[in-house]
Structure formats: structure tokens, C-alpha cells
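Participant: Protein chains in written order, with this note's numbering: chain A, 54 to 133; chain B, 54 to 133; chain C, 54 to 133; chain D, 54 to 133; chain E, 54 to 133; chain F, 54 to 133.
Rather than coming from a laboratory, the hints here were simulated on the basis of the structure.
Note that this is a predicted model, so its numbers are computed, not measured.
Possibly wrong hints are sitting among the right ones.
No copy labels: a pair is met if it fits in one copy or bridges any two.
[Stated by the list, open to error] Simulated crosslink set (SDA-like; lysine to any residue; CA at most 20 Å straight-line): (1) 91 with 105; (2) 75 with 85; (3) 83 with 73; (4) 117 with 85; (5) 83 with 95; (6) 67 with 105; (7) 67 with 85; (8) 117 with 131; (9) 117 with 132; (10) 91 with 110; (11) 83 with 96; (12) 91 with 109; (13) 83 with 66; (14) 75 with 132; (15) 77 with 111; (16) 67 with 98; (17) 91 with 115; (18) 67 with 118; (19) 77 with 112; (20) 75 with 96; (21) 75 with 131.
These are the residues of each chain, in order.
6 protein chains.
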Amino acid sequence: MGQPLSTPTRCLMKISARNQFKGKVIEVTKGATTAHVKLDIGGAIVTASITNEAVDDLRLEVGKPAYAVVKASDIMIAVD
Amino acid sequence: MGQPLSTPTRCLMKISARNQFKGKVIEVTKGATTAHVKLDIGGAIVTASITNEAVDDLRLEVGKPAYAVVKASDIMIAVD
Amino acid sequence: MGQPLSTPTRCLMKISARNQFKGKVIEVTKGATTAHVKLDIGGAIVTASITNEAVDDLRLEVGKPAYAVVKASDIMIAVD
Amino acid sequence: MGQPLSTPTRCLMKISARNQFKGKVIEVTKGATTAHVKLDIGGAIVTASITNEAVDDLRLEVGKPAYAVVKASDIMIAVD
Amino acid sequence: MGQPLSTPTRCLMKISARNQFKGKVIEVTKGATTAHVKLDIGGAIVTASITNEAVDDLRLEVGKPAYAVVKASDIMIAVD
Amino acid sequence: MGQPLSTPTRCLMKISARNQFKGKVIEVTKGATTAHVKLDIGGAIVTASITNEAVDDLRLEVGKPAYAVVKASDIMIAVD
């Protein structure tokens, strides 16, 4: 209340997922059950496929600050 | 041959995974079967858990350019 | 500080993952790079495979309250 | 034949996924291609995102007994 | 240039995912946001759930040669 | 009783995962916590990363018939 949303010290929850990147929502496309949400994270565009329910629950909308979170076992590496 | 590694037009393979970010390997830790590889992607550190076999096959080592690749359905969104 | 760890109202972060269940850590087995953590969630035993790094970062140890968090797209359904 | 479907000893197949919890279907929402299925597992609500095809194949419907199945590497841990 | 697309030596990109199987697209079903694509891989039918965007980006259509790619940590084992 | 274990009609359990392919175990490599299991499925080699616990529980060993099981949302498509 009255504190900026970005105050990280208020949040006591920590998750094991090793990859957490802060950005801003730039697109929300709801389908019948599944939504695609795009974040701009320092210029890189991240695309997430989540439930419509989660979009509503987190009140995701264009311009809102948000994090992309990914478990280390879901990241692949590629080389040229 | 003689062309820089970063020439993307040489690669004809395209993958459906929506998230592909170029960076550089900064750490490779092999375990008994599973390795952890860290990339620096524009200042953000990405941690991937992959097989030792893949580390060998891709010849991943510190300093090598590499991409982090993630399927959209493996990305979650969080908000403060 | 001085408040019980379980106070949920202090945490402002919300994650899109639809499945979040509170329990208690009953076993932590660290491997070379990957750890297995078991939670007792209302009598059901949940087994998670996460990085050793996450175990250290979250200071997971037997007896500590913790949540199992799973993205909806990672849950399968089976019937007899 | 003549035995109730729920007799577990009839099923000889075992899967490596460490997490298998029995409950009952409480909601099935089909989208264009992807369905969301909710199970009540001992009072906890589990949400799964699976294909419409799987819903038809398993004849999932409200009230039917079913299991939520999750691979250990898809479970994250969070702490307050 | 002038070489058949299927020449694998033209592709310099390698991905850590241990499982890559060549087949042919036999069905593409687009939903509101999520598509289901089936490949015939040596007689076995593989079903993938990917974004509509990826279907467009890769120009997937019936009859087109394509690979199914799966990370080792996403494969489970079952026995009778 | 008295029927061979491989009779598939004895198994009443069905799982939503769309991809289930029968093969034979050709390699089991246990690490500290995580094992890599290779199946030969009609000549294609499939590599799975599962827990040591699952290897023991399913008594996986070279020569044993087994299935690779993959959720549709964990399969990616690539094209040349």
C-alpha cells in the first residue's frame, strides 16, 4: 500500500527456478484456454504459453512489469 | 570455413522453440551424468541443466558463443 | 524479522504456475549437480529434482516448510 | 472382467514419473486444441493442461477417478 | 544454394537436446493459440503441441520433412 | 497370473501423454542422483534422464522391454 510495486524486499517467497528475468509485458493473446504472453526483457522478447486463468489471476496486461521464470532443466543450449 | 561463427545465414535448421537468445558460455560444471552450463546473455546469467553428453557433443567451454533455447510452454510469468 | 515464516501476506510475488501446494521438507539428497528433495504435502510425498544451487539458495533442510510448484502444462492425467 | 476398474493390481504398467496422486475429476474445459482438467486430490485442486485428444481418449469427465502424474524434474520448490 | 534442403551438413547449428528424429508432417491442427502437429517418424506417429506462431514461422504443412526434438529430461520410461 | 508380463491388454492404466513408443533398454548409466537410460525404439536411440530411484523401481536393465513416454507439450519441431 503506497509502496512501489518494484520493492523486492517485500517478497519473502523464493523459488528454486534458477532463471528469473525482469521485464515488461508487451503483448497478451488469450486463446480458448491457453494464452501467449510476450515480455520485453532488456530488449529481448520472451514468449510464454500459460493458462488464461493465470493471465487473469496475475492481471497481466500490456505495460505491466513482470518476470519470466524458467527451471534450469527446461533450458537447452545450441551452438552454431 | 573462415567465416565468423556468428553468421546465422549458414544455418538452415529452424526450431519451433520461440525463445532463442545468443550469449557466451561462462561456466560449465559437469556432474556424474548431468551438467550445469551458465551463459551470459547481454548481462543476464542463464543456467541450463543438460546432459554431460550434450556438453561434449557441442564442445561447450568457457568463452564459446552459444544460445539458450526455451520452449514457450516452459516459461512462467511472475509479478510482484 | 520476528514474524513466523508462514505469514503468506508478506509475499507480493505471484507466479503463473497453477499448482502450488504447501508442505514440509522430509528429505534432501544432493548429487554432484542435481538434488532430489521430498516434501510431505498433507501425507502425500512429492519428489522434486532441482539444482544443488537451489537447495543452498533456499536453505532447504528437513523440517522446513516449503511449497511444491508445478506448471499446468507439466501435469499429466492417468486413469485405471 | 467383473472386477472394479479401481483395482490397482490389475495394472502392470509402471512409469518412471515419481509423482502420482489419485483424485477425482472436478472440471474439464476443452479449448480449440488444449483442454484444462482439474482434479480434486484429497482437497487440493490440481490443474493440468493436456490435449483435447487425451481427454477423449481417457474419457475424462466430472466425477471420474483419475491420477495426476508429474515427472520429478518438472517440480519446483518455493519457500516463504 | 542448389543443394537439396535435406543435406544435413549444411546446418551448423547443434542443439543440446539428445533426441532428434526425422520424419514427415502428416497433420497440422491450429487452435486459437496452440497447434498440434503430427509427424510420421518411420511409422510411429509423434504428436507435438507448439504455438501457432511456430507453425507459421517454420511453414509446417502436410508432407513437409521435419524433426521431432525432445530434451532428455522430458522423456519418461514405462514398463509393463 | 501365468500370462506373460508383456501382454498389454492386462494393463488398464492409460496416461494422457500422447507419445508412447515401445523399445528395449540398451544402456543404463546411474549418476549420483540422476540416471540416463537409452532405449532402442525400432532402430532409433532415445535418451531419457530420470531419477536413480525410478531405475530401481522399474528394475530397468539392458535388454528389458520398455516404453518411452513424452507429453505432447514437450516435443518441439525443427526443419532444415
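Participant: For each hint given before, does the structure comply? Return the numbers of the non-compliant ones in rising order.
Facilitator: 2, 3, 4, 5, 7, 11 and 13
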